[in-house]
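Input sequences plus hints: build the corresponding full structure.
Protein chains: 2
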Amino acid sequence: MRIALLLQYDGTGYHGWQIQLEQVTVQGVLEKALKQMYGCHVGLMGSGRTDSGVHALGQVAHYDVDQSDVPPEKIWMALNRMLPKDIRIVASAEVNTDFHSRFSARERSYQYRINTRQNVLDRNMRWYIRYPVDMSRLETTATHIMGRHDFSSFCYAGTETTNMICNVMEASWFKNRDGELMFQVKADRFLHHMVRMLVGCMVEVGRGKWQMDEFQRLLLNPDRKAHVITAPAKGLALMQVAYPPELQPDWTQAERAMGKA
Amino acid sequence: MRIALLLQYDGTGYHGWQIQLEQVTVQGVLEKALKQMYGCHVGLMGSGRTDSGVHALGQVAHYDVDQSDVPPEKIWMALNRMLPKDIRIVASAEVNTDFHSRFSARERSYQYRINTRQNVLDRNMRWYIRYPVDMSRLETTATHIMGRHDFSSFCYAGTETTNMICNVMEASWFKNRDGELMFQVKADRFLHHMVRMLVGCMVEVGRGKWQMDEFQRLLLNPDRKAHVITAPAKGLALMQVAYPPELQPDWTQAERAMGKA
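Line by line, the protein sequences are chains A and B. If you count the first sequence from 1, position 71 lands on 71 in the working numbering, and the numbers rise without skipping. If you count the second sequence from 1, position 80 lands on 80 in the working numbering, and the numbers rise without skipping.
For lysine-lysine, the following BS3-like pairs were computed, each having C-alpha atoms within a straight-line distance of at most 25 Å:
1) A:LYS74 <-> A:LYS32
2) A:LYS209 <-> A:LYS175
3) A:LYS32 <-> A:LYS85
4) A:LYS175 <-> B:LYS175
5) A:LYS85 <-> B:LYS85
6) A:LYS85 <-> A:LYS35
Hints listed in this document are in silico derivations from the structure and should not be mistaken for laboratory results.
Printed below as a string of structure tokens:
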């Protein structure tokens, strides 16, 4: 049987999602908990990797087991008891074996948060910038990202990917109370460091250091060696992974198991 | 000379503000940094104590030294280098010896934050409640708190204070995006556990467990043995301490010292 998990983590204390030798990673900690629960190694597949220090509020992962003594809709509760407080499973569900957390995903959403006022409580979750940023310049820059583009200029040079085309369905800036700026972006796929590089460069435009056309040129002339600014990992969070309706895991059973619905 | 500090802290890792034997406290860590800077013990006086796990974004404290090699408006930078990342000095200024961080204070403002959706990133800064709360009932309850009252019913039983009268100038609930509820309150003074008890009881009304008049009765019949609910410490933050204009420390020099203004 195949089990899908909906999970959140505070990436501050982890060397990213992906399991690594001699590093504490989210996948590593989760596989340890699964081993404790099932008594044998269980490989976990995430919808995508997140970098060191990047957070997730809507990561999806799946694994296969022969059988589960714990009912699928209650696995999340059992796992949470074995996990540190900075990783929380929100829901669990049995899914069809056609479902694959990574390959079935159709859309991914990220949020990037910036604080323009110092706040010690947000120090691991926001990029704190001390200079003023023009909201309307940020908004205009974001409109250029919308649609299908070759994002080579906004990709980590050491990546293994060759397909650089992403289709961006949403790219918007919001201003919250307390001087917080939030960038929300949704696409079919993202390249390595793409959101952080987009945010880093948009902020250069927003603060007036770059002209708008310098940003546009990076999109029009895809160049993996382009000079770009990468915003810090800590401001980024994976918010949602969307699947086709026929494959979408049913998280509501897990909510009901808690007595919520 | 007397130096005033404007400071922030994440209270998660501390046994409150007040120095204690064999416990890590904010005051204790700050006095250690001051000793390192001045080479002798320097006693620090805060505007008020905060409980274990309570945060501050606008705490004020002062200390006296014979002389300071570091210019007053740059002390905050020097101290930050000796402090852990969860305590940040935002500004420092020389003040008149008439100024006293606690006794000169005229108003104090607190915020209490509640999340109605689980969010691992806010786990140490919000009270997470799983039941629905009626915003208009919260708002109505808050109006009853306004003005001068005997808050005996909302005071920790073990307190040493005898004056139970507080004058509340602001008491308002806000609903932010993402299902966050925020209570903002300002008064001339607060009793021990007062904000947490007010919030705990207002939420009982908001969720429909208490009638409005049960809350009102606690205000009309001051009783230090009243049955009240205390909201968790982690949702609370001291936001601002206000002083009379003639005593108000001038934090702008510190901002200028950073090249901001």
